[in-house]
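Asks: Each chain is listed here by its residues.
2 protein chains.
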Amino acid sequence: MPTLILTRAEVKNLIDMPEVIRAVEQAFRDWIEGRAQMPPKSYLQMEKGDFRAMPASLPGAVCIKWVNVHTGNPLLGLATVMGVIIYSDPETGYPLAVMDGSEITAYRTGAAAAIASKYLARKDSKVLGLVGAGRQAYTQLMAHAVLFPLTEVKVADPLEASVKKLMAAFPTMKIKYVSVEEACKADIICTITPARGPVVKAEWIKGGTHINAIGADAKGKEELEPAILNRARVVVDDIRQAVSGGEINVPVARGLFNPKDIYGDLSEVITGRKPGRTDNKMITVFDSTGVAIEDVATARIIHDRAKADGKYLSVKLVD
Amino acid sequence: MPTLILTRAEVKNLIDMPEVIRAVEQAFRDWIEGRAQMPPKSYLQMEKGDFRAMPASLPGAVCIKWVNVHTGNPLLGLATVMGVIIYSDPETGYPLAVMDGSEITAYRTGAAAAIASKYLARKDSKVLGLVGAGRQAYTQLMAHAVLFPLTEVKVADPLEASVKKLMAAFPTMKIKYVSVEEACKADIICTITPARGPVVKAEWIKGGTHINAIGADAKGKEELEPAILNRARVVVDDIRQAVSGGEINVPVARGLFNPKDIYGDLSEVITGRKPGRTDNKMITVFDSTGVAIEDVATARIIHDRAKADGKYLSVKLVD
Chain A
1209 MPTLILTRAE VKNLIDMPEV IRAVEQAFRD WIEGRAQMPP KSYLQMEKGD FRAMPASLPG
1269 AVCIKWVNVH TGNPLLGLAT VMGVIIYSDP ETGYPLAVMD GSEITAYRTG AAAAIASKYL
1329 ARKDSKVLGL VGAGRQAYTQ LMAHAVLFPL TEVKVADPLE ASVKKLMAAF PTMKIKYVSV
1389 EEACKADIIC TITPARGPVV KAEWIKGGTH INAIGADAKG KEELEPAILN RARVVVDDIR
1449 QAVSGGEINV PVARGLFNPK DIYGDLSEVI TGRKPGRTDN KMITVFDSTG VAIEDVATAR
1509 IIHDRAKADG KYLSVKLVD
Chain B
1209 MPTLILTRAE VKNLIDMPEV IRAVEQAFRD WIEGRAQMPP KSYLQMEKGD FRAMPASLPG
1269 AVCIKWVNVH TGNPLLGLAT VMGVIIYSDP ETGYPLAVMD GSEITAYRTG AAAAIASKYL
1329 ARKDSKVLGL VGAGRQAYTQ LMAHAVLFPL TEVKVADPLE ASVKKLMAAF PTMKIKYVSV
1389 EEACKADIIC TITPARGPVV KAEWIKGGTH INAIGADAKG KEELEPAILN RARVVVDDIR
1449 QAVSGGEINV PVARGLFNPK DIYGDLSEVI TGRKPGRTDN KMITVFDSTG VAIEDVATAR
1509 IIHDRAKADG KYLSVKLVD
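Here the protein sequences line up with chains A and B, keeping their order. The first sequence begins at 1209 in my numbering and counts up one residue at a time. The second sequence begins at 1209 in my numbering and counts up one residue at a time.
These are calculated hints, taken from the structure and not from any lab test. You can trust all of the hints, since none of them are fake.
Each pair may be met inside one copy or between any two copies, as identical chains are not told apart.
Lysine-lysine pairs mimicking BS3-like chemistry, simulated, CA-CA at most 30 Å apart:
no. : residue 1 : residue 2
1   : Lys1220   : Lys1524
2   : Lys1384   : Lys1373
3   : Lys1524   : Lys1256
4   : Lys1331   : Lys1468
5   : Lys1382   : Lys1393
6   : Lys1382   : Lys1331
7   : Lys1256   : Lys1515
8   : Lys1373   : Lys1256
9   : Lys1220   : Lys1519
10  : Lys1220   : Lys1515
11  : Lys1372   : Lys1524
12  : Lys1409   : Lys1468
Based on the sequences and whatever the hints tell you, model everything.
Replies: What follows is the structure in structure tokens.
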């Protein structure tokens, strides 16, 4: 039996944001309804970074993502985060595909945030603010454009060149290069920085705003002033991960935010067990840490499409 | 940067038992001396089997093995256990190689048992007994032949054809097809069955024997009568895994063996923190469950050899 080998360029070619959004939303339903499995991430600490093993299953699909974070990589011309996914047949264990996980990570993270916005942002949201113009800006913008009729995208980043590059990638979008404060004058704000201290001030956030806090994914990382959390309805993707390494991790450690004040998780909001936004004045925050069910949902799309195409490299990896 | 893709046939071609034995022994030293990392295995339970995620690092090497156990596979013409290893650069996280893990699993398991025999069996051991003539028989025999001047190998298996196949693979070895009782009249016995109840009786085991109990690797599996354990010096590869799914798991659950009576682990014996065999009359048992440091030690050999050869498929998997 052959195993498909799918490079990053091929994954990028096969992936499709609307489909990823549907699959990731379904994964959160499967999770809360007991049809998914997701053991806690395992971490291995290296001198210059770390590795995370993220296995998960959904009905009919199972995979592991092996992903690193090495913050010194850009100096070597390598991405900080790279990932490989092994996608297997739940019925036999056979490895159906080995694929790049970097592109999948970027898409599923964008998709999860846009899904959160769907339930937590105001229905009439039209202006998107991006704090950070790195890799994740592309998929946040792409995913939000699927679900919202965006009229304007305000982007803040220390490097104007990064914003210009983003503009070039989305020529039909009205993208403006602005300050962080100005980017926060938006219906939906996505914070996508590697910050280790608040870059968004509480005084900038007006009632009715929804914030996707994406950047914090490890202990010590933080993008929002804790006062924002105290005024907001805070929804997380995974409570344990949020407390240990999500946006709330620093405020929790300092006693500035109580984990009991988490409103609920994304599964609860999606399934209506807990209503999302209930009025137009409320501030809402989605604390995204990234969960493995998002990866397996997305890897399935890539595998199924590649298999249907029938033109990709496949090797007899195991037998 | 390219990622090497190494199929099972290629891994088999690159692997070398004496080198695996040296590397696995060094891995156990690295582990006890604090130079290795090995989070607990994660399990995902499927309807027809399970998956295990096994990450580990050694100095200069890190990998994850994603391995399944699907006992119904042989009816479909597939192996029960298959595995894929992603071998990465600890310095950057880059996936250096994706390789078959089945062959590596077989070799490292054989190597670990032979290392245990080196410290626990009588120095003058010459007769090897194999209870089971499946896949693992090959690598147990190969590894023991590296470390002991075997004059005879006694093999028990319900299927004579399996034993004939083993004989054909080792034409220069004196291999005899015998009963389980007769196979136990040996200096070193390796039990390599999928049994869920004792196949080796206590009355068959004479003083001076060393047993590698390999087959039990999950809850409910058991190959030896518990009375053997009570008379023996019992060494494990990993105490937690042994108690939950190794040879001792059933006796422990039934109160027939106390985990406090475990003599020590293989790292302690290898490094001399606890002496191995101390007299010629003693019965010794090595309870092998398989640990991820064995995999990363072996994966490094394969990667380094494949890279040096420079003739294997490599693809731009991530970037």
